[in-house]
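Protein chains in written order, with my numbering: chain A, 643 to 989; chain B, 643 to 989; chain C, 643 to 989; chain D, 643 to 989.
Source of the hints: derived by calculation from the structure; they are not laboratory data. As the structure is a computational prediction, the values presented were derived from the model and not from experiment. Please note that a few of the clues may not be correct.
Which copy is meant is left open, so a pair is good if it fits within one copy or across any two.
Said to hold, decoys possible - Here are the simulated lysine to any residue pairs, SDA-like style, with alpha carbons at most 20 Å apart:
no., residue 1, residue 2
1, LYS648, ALA946
2, LYS676, VAL704
3, LYS709, ARG775
4, LYS978, GLU967
5, LYS709, PRO720
6, LYS648, LEU705
7, LYS709, THR679
8, LYS676, SER715
9, LYS844, ASP821
10, LYS969, GLU984
11, LYS969, GLY933
12, LYS957, SER817
Protein chains: 4
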Amino acid sequence: MIIVMKQSATQDEVNNVIARLEKLGLSAHLSQGKDRTIIGAVGDVSGLQEKPLQSWGGVESVLRVMKPFKLASRDFHPQDTLITVGERTVGSGDFHVIAGPCSVEGREMTLELAHAVKEAGAAFLRGGAFKPRTSPYSFQGLEEEGLKYLAEAREETGLPVVTELMDPRDLPLVSEYADVIQIGARNMQNFRLLREVGAQEKPVLLKRGHSASLVDLLLSAEYVLHQGNSMVMLCERGIRTFETYTRNTLDLSAVPALRELTHLPVFVDPSHAVGLWNLVSPMARGAVAVGADGIMVEVHNRPAEALSDGPQSLKPERFRELMSELKRIADAVGKKLPGYEEARARL
Amino acid sequence: MIIVMKQSATQDEVNNVIARLEKLGLSAHLSQGKDRTIIGAVGDVSGLQEKPLQSWGGVESVLRVMKPFKLASRDFHPQDTLITVGERTVGSGDFHVIAGPCSVEGREMTLELAHAVKEAGAAFLRGGAFKPRTSPYSFQGLEEEGLKYLAEAREETGLPVVTELMDPRDLPLVSEYADVIQIGARNMQNFRLLREVGAQEKPVLLKRGHSASLVDLLLSAEYVLHQGNSMVMLCERGIRTFETYTRNTLDLSAVPALRELTHLPVFVDPSHAVGLWNLVSPMARGAVAVGADGIMVEVHNRPAEALSDGPQSLKPERFRELMSELKRIADAVGKKLPGYEEARARL
Amino acid sequence: MIIVMKQSATQDEVNNVIARLEKLGLSAHLSQGKDRTIIGAVGDVSGLQEKPLQSWGGVESVLRVMKPFKLASRDFHPQDTLITVGERTVGSGDFHVIAGPCSVEGREMTLELAHAVKEAGAAFLRGGAFKPRTSPYSFQGLEEEGLKYLAEAREETGLPVVTELMDPRDLPLVSEYADVIQIGARNMQNFRLLREVGAQEKPVLLKRGHSASLVDLLLSAEYVLHQGNSMVMLCERGIRTFETYTRNTLDLSAVPALRELTHLPVFVDPSHAVGLWNLVSPMARGAVAVGADGIMVEVHNRPAEALSDGPQSLKPERFRELMSELKRIADAVGKKLPGYEEARARL
Amino acid sequence: MIIVMKQSATQDEVNNVIARLEKLGLSAHLSQGKDRTIIGAVGDVSGLQEKPLQSWGGVESVLRVMKPFKLASRDFHPQDTLITVGERTVGSGDFHVIAGPCSVEGREMTLELAHAVKEAGAAFLRGGAFKPRTSPYSFQGLEEEGLKYLAEAREETGLPVVTELMDPRDLPLVSEYADVIQIGARNMQNFRLLREVGAQEKPVLLKRGHSASLVDLLLSAEYVLHQGNSMVMLCERGIRTFETYTRNTLDLSAVPALRELTHLPVFVDPSHAVGLWNLVSPMARGAVAVGADGIMVEVHNRPAEALSDGPQSLKPERFRELMSELKRIADAVGKKLPGYEEARARL
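So here's chain A without its partners, still in its complex pose (with noise of 0.2 Å):
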């Protein structure tokens, strides 16, 4: 932690920097520059992390040097954590693809996707049941009925199942059909919410929210780390900038940049942050290239009729082929698609 003082700080506002290190049970180091006085406090800061230090007499500026995130820093924890879900293993270098409906919207639509995208080479399934819609006048999900639906769809497929969480009260619901509980980008901060999912035993993907920096993303996976769950999963979904041609600007710079500073895996869905579905192939392409542990991605057999997202659902034919350019991208760079082969093999 280094305090850089005002060059106009007092001999007084220094000297009680220093009494106030001192009390805290720290030593401070002194630096006395040409124009400005920097002290450097030594020892155990974690106690200084949530001090108002810029409220201090004199203070003009704060270094914490230390990142403010311990159990989710690769500084730590050098090597890449190992998430089993099933039969597959997320962070060991393979890419998986989850895909599915935006939305649970019935029966059969469900069943038949499912099929689908698992034919495809698929690893998981992914589908709403507890949707976050911006407007109240947006369908809101088949809620338990959806589940159901997931549930059924896992029996007959074998694929593991992804769906969001948006209340604490449904944690017991949702974990009852889960494989992979989804917190979605609109919960990134719902503190509550991630210390429930931290304290139970499934794993989490973590999406990023929309105005969440790299840093704010690894502070709330570390919520639910600190509750004792390690299997956390992010996702980069993209994030809100003044571009509207978009629906939101995927950063996929933050697949290398997350893998230098977590060991957790880092998944990205192109679907939500493009929102247009002839854009989601390319990135999903430039997803495998640049290292990701997986993609999410919507697949919707009549996209035209969607509950939700219908614009940037991909039909099932263009999945299809998306796998496949997938592989060859996967192969390129050194990763196997084991849900692919698996589905090539059965052929």
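Place chains B, C and D on chain A using the hints.
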């Protein structure tokens, strides 16, 4: 609802759009331009709002002419909404100051600050008992104990209490103590929470999310209104931009813009927006000048020891000065500051 | 200058950084923490500013303690810069209004508007003869003809002229007619242009770029100051954010923030920021309240026929009302509006 | 062009809009909805583009159906533009790598790097002789001396030279040496510069501005095309967002989006976008996978001593590895890398 067809759209695609509209009970109004065909959907288009029109073959873009919020819109409710809390009426043209500590840290500081802000002219007491904190290692609030101190402070000062609700499960507890229930920026799109506060009777202070457009904010208000609670106070608190000198960028133009779009009252929280105490007073003055219904401001007796948001908190003496500055500007723009005027009268 | 070494940095890497610093005539101040080594560079670090320290082996991050601008910084020039243009002194605490059409569209409209804004209390006349337009199909300005009308308007009204320079080759021409040379937002980082206006003697009004941080803006001012021209007036005019209701997001907090960082005067252009005439007046009022030295506002006699920026232009009668609103707020915050006061006195 | 009237618009206001349209030689197509009147302007609306329709009485909003750029639009020019520079053809589906130092710092480093990047498979040599630097205290480029070293490097290696033009007065000089003239992000809206490079015959590499939307970028390209130069290569180089871990946020979705909007080739500059050398290679791989026509990448033999952009420069050996990674992905997506293939053949 206007549907712009692609230049390359075929006659079949145009016919298909018309057929779909007619199947929905609408009539299609065709306008064949030099380069584009444009189709207007005429009739009750509310059912169209949720259709994925952009997925329909040959469609280039869709203009939704109607605003997506209705209950919050000034179009259908031209007169200002008035919200009465104790002796105060919000939305009537008066200016109200909500002041107090960021977090309730203890009994004595809460009572001391409540008296201080009341004497300075505040109309409401703020204080967080449940704190949404970016890091799990930060102080998370005193919870019920904090609510009790707030209630005690209200009893002593008569100031109504504004406090945050983070989790739907705490609603019974929080509404027992709060006069106004605050929904924080991070929960602006926690739609389940919005529905719950919409189904109860306390007024709601809804803060704008870090990356929420004005339309997003009004759609979140619509969730509350739609459940039957018409007492929603909006609060601009800064949006996330590339600028890092301030914590967020306070969008004061949101105040006159919301005044046009909606009948709901609009507050401004300069403290969270700028994050630096010495910018709080100028921005609070700006809030009166642009026409806000009030501000929400953090006051702390020992900012250098605050458990949250110390750097942006005003000391009570600085808050008193601010109140007299606000009074002069309120006079200049023809607004009353009833809390201040009564406080002066008591002296 | 503080250099934070990676946790994984070797002793060799630490030694190498020390050796490099010493080679540059600096002494290295070592602070060995529990998890990180931190190296302070002590001495005249100005030569270090440009070194790619982050490329040095083992370096994690670098904190540049010194502000990167010197001439623009209040640290080394605590008193406010005063800029005298004709009878007006900018930066002295008075509030000045620069008003006129976006573009000079003809002789008559220019003269008519010049008289109108003068009678209403403006202190400067604005008008563009060279127009930076996003589209090549838009009106690009009357060029020298426009400058002549501005000069004629100055002769008739006595109002000094503020007009934009876009191309260094036009500097002789523009400075023949202008009293203040405006550098537009799109040219804020046209460094050659900045150097040219720094090497001549007319005051410069420098507008903040759409994505320029306050530090970027001050570095651009530094280019001008560094060439010897100390008369720089800064102008906040909105930054680009995700919000689309307004054309840009007016960052009024830039005013008090710049007040701290620099001694240069600060104007606000609410017209370009919001892009909607009915939001201009509230934001202009806000600008006085937050402490700006003046505003720049677009006035047009026939906005519905304006060749540029019609939607955000005030009609002369609305501008007159605005001036009296500004006067009341200026009184409330202890500022004078000399243009307005003289106009009233002339009546 | 669609004009949406306010709900409160009077019949007179509607009639007035119709009359104005008819005066402009257009016919008005009226659509009277339940809550709104909508007016379509039919005929040659190009004259309407610049009219301030939003200032017309009673108008709520205006939808410009036509894209504001024509020459750059794929609508009127469906086939890809091919640009031939020496032996290379850009836009034909091949992938080209432009590589070299950020700044030309001296003769030897330039020659050494030119040979190194050629041997590794680059197709063009980059290097700045005129440098747009945020601070006046930074290295500003070797100017003509630098251009001469680039020309010498071209002579030795055969690589065509891409170098930046900042000032219209330097155009004769720069075009004497450059094969492709680069317009930097900060000059993307320096419209005078755009017109000048539009009126000469060298191809132009136009970089996206920090806060430029895709439409803005295409309007800037339109300035060049409109002057008669059809050889414009676009370059995505990161936009400014709230994320600070990377220097900018690389918007790889711009590549497929531009592919739809325009026939012009699209490059990606991962170096400036991320600002950290270790993220450059993954993002370069992503660029191939999403379909770019090439990348522009900074290579330096001694990044720790670079006069600009050291932290984001690759060392030649790392660049060689990158080239072979790119080759594998290019193969996977069916693109050729002619520079690389020829370099391998020469070995």
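Taking the hints in turn, this is what the structure says about them:
1. LYS648 <-> ALA946: For LYS648 and ALA946, only the inter-copy Cα distance (16 Å) is at most 20 Å; the intra-copy one is 61 Å.
2. LYS676 <-> VAL704: The answer is both: 19 Å in one copy and 18 Å across copies each meet 20 Å.
3. LYS709 <-> ARG775: For LYS709 and ARG775, the Cα distance is within 20 Å only across copies (16 Å; inside one copy 34 Å).
4. LYS978 <-> GLU967: Answer is both; intra-copy 13 Å and inter-copy 16 Å each pass.
5. LYS709 <-> PRO720: So LYS709 and PRO720 pass the 20 Å test inside one copy only (15 Å; across, 35 Å).
6. LYS648 <-> LEU705: Close inside one copy (14 Å) and across copies (15 Å); limit 20 Å.
7. LYS709 <-> THR679: Between copies only: 14 Å across chains, 24 Å inside a chain, cut-off 20 Å.
8. LYS676 <-> SER715: between (36 Å within a copy, 16 Å between copies)
9. LYS844 <-> ASP821: Within one copy, since 6 Å is at most 20 Å while 39 Å is not.
10. LYS969 <-> GLU984: Classified as within: same-chain Cα gap 12 Å, cross-chain 27 Å, threshold 20 Å.
11. LYS969 <-> GLY933: both (13 Å within a copy, 16 Å between copies)
12. LYS957 <-> SER817: For LYS957 and SER817, neither the intra-copy (29 Å) nor the inter-copy (47 Å) Cα distance is at most 20 Å.
Hint 12 alone, counting from the list given before, is not met by this structure.
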